[in-house]
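Asks: Build out the structure end to end from the sequences listed, making use of the hints.
Residue numbers (the working numbering): 1171 to 1342.
Please keep in mind that the hints were generated in silico from the structure rather than gathered at the bench. Cβ atoms here follow ideal geometry from the backbone N, Cα and C, with glycine treated the same way. Hints are not guaranteed to be accurate.
Derived DEER-like restraints, expressed as beta-carbon distance ranges [claimed, not checked]:
(1) G1210 x V1306: 32 to 40 Å
(2) G1218 x P1172: 19 to 27 Å
(3) G1177 x E1325: 35 to 43 Å
(4) D1316 x P1209: 25 to 33 Å
In silico EDC-like cross-links for lysine to aspartate or glutamate, where the CA-CA straight-line distance does not exceed 20 Å [stated by the list, open to error]:
(5) K1336 x D1184
(6) K1336 x D1318
(7) K1309 x D1294
(8) K1336 x E1192
(9) K1309 x E1262
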Amino acid sequence: MPVYALGDHVPEIDPSAYVHPEAVIIGRVTIGAQSSVWPGAVLRGDDGDIVVGARTSIQDGAIIHTTPFWPTTVGDECVVGHLAHLEGCTVEDGALVGSGSIVLHRAVVGSGALVGAGAVVSGDTVVPPRAMALGVPAKIRPDAVDPDTISLAMESYVQRTERYAKELRRID
1171 MPVYALGDHV
1181 PEIDPSAYVH
1191 PEAVIIGRVT
1201 IGAQSSVWPG
1211 AVLRGDDGDI
1221 VVGARTSIQD
1231 GAIIHTTPFW
1241 PTTVGDECVV
1251 GHLAHLEGCT
1261 VEDGALVGSG
1271 SIVLHRAVVG
1281 SGALVGAGAV
1291 VSGDTVVPPR
1301 AMALGVPAKI
1311 RPDAVDPDTI
1321 SLAMESYVQR
1331 TERYAKELRR
1341 ID
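Replies: So this is what it looks like as structure tokens:
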């Protein structure tokens, strides 16, 4: 797996986390216990800190970046979908950011909230806990998320990491 220091900034990856060999981790990045980072994902902590909590899945092709002014934080037991883009934002515990969605500067995705696939959460937007954000720009539907939906998705990736850590092997 390509893990790079940038100057004095060295990523901190919990030993129980799974980082796929084709994911890229750069600089000021912290990844918590039992979290997973899948193929093609890039976590680039060059301008600020990226913190990924425990039991969180960063799926294939996701991009997590910061700005010189705003870090990016993803809480515990979150799912960041395929090709999602997070920059300078906060995703609180138990939230799901859908495939292909974008969450921008100073936005907050509340605990247990869901950002729908392809949605754009503009800067300074707050998605309340258990709300759903859909569309471009994202429109908020309060209290629309069943917590079990996100929990099941997260748990499936925690289990998947165990299999990949044991069984994945390159054959070329």
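Asks: Cβ-Cβ distance between G1177 and E1325: within 35 to 43 Å?
Replies: 37 Å, holds
Asks: Has the hinted range 25 to 33 Å been met by the Cβ atoms of D1316 and P1209?
Replies: Holds, since D1316 and P1209 (Cβ atoms, about 29 Å apart) stay within the stated range.
Asks: If you check the beta carbons of G1218 and P1172, does the distance land in 19 to 27 Å?
Replies: 20 Å, holds
Asks: Between the alpha carbons of K1336 and E1192, is the straight-line distance 20 Å or under?
Replies: This hinted pair holds, its Cα atoms lying about 17 Å apart.
Asks: Verify the proposed pairing of K1336 with D1184, using a straight-line Cα cut of 20 Å.
Replies: 17 Å, holds
Asks: Could you see if the CB distance from G1210 to V1306 stays within 32 to 40 Å?
Replies: Distance hint for G1210, V1306 is violated at roughly 23 Å.
Asks: Between K1336 and D1318, does the CA-CA distance stay at or below 20 Å?
Replies: Given that 20 Å is the threshold and the Cα spacing comes to 28 Å, the pair is violated.
Asks: Straight-line Cα separation of K1309 and E1262 no greater than 20 Å?
Replies: 18 Å, holds
Asks: Within a Cα-Cα threshold of 20 Å, do K1309 and D1294 meet the stated pairing?
Replies: 14 Å, holds
The structure does not agree with the numbered hints 1, 6 stated previously, though it agrees with the rest.
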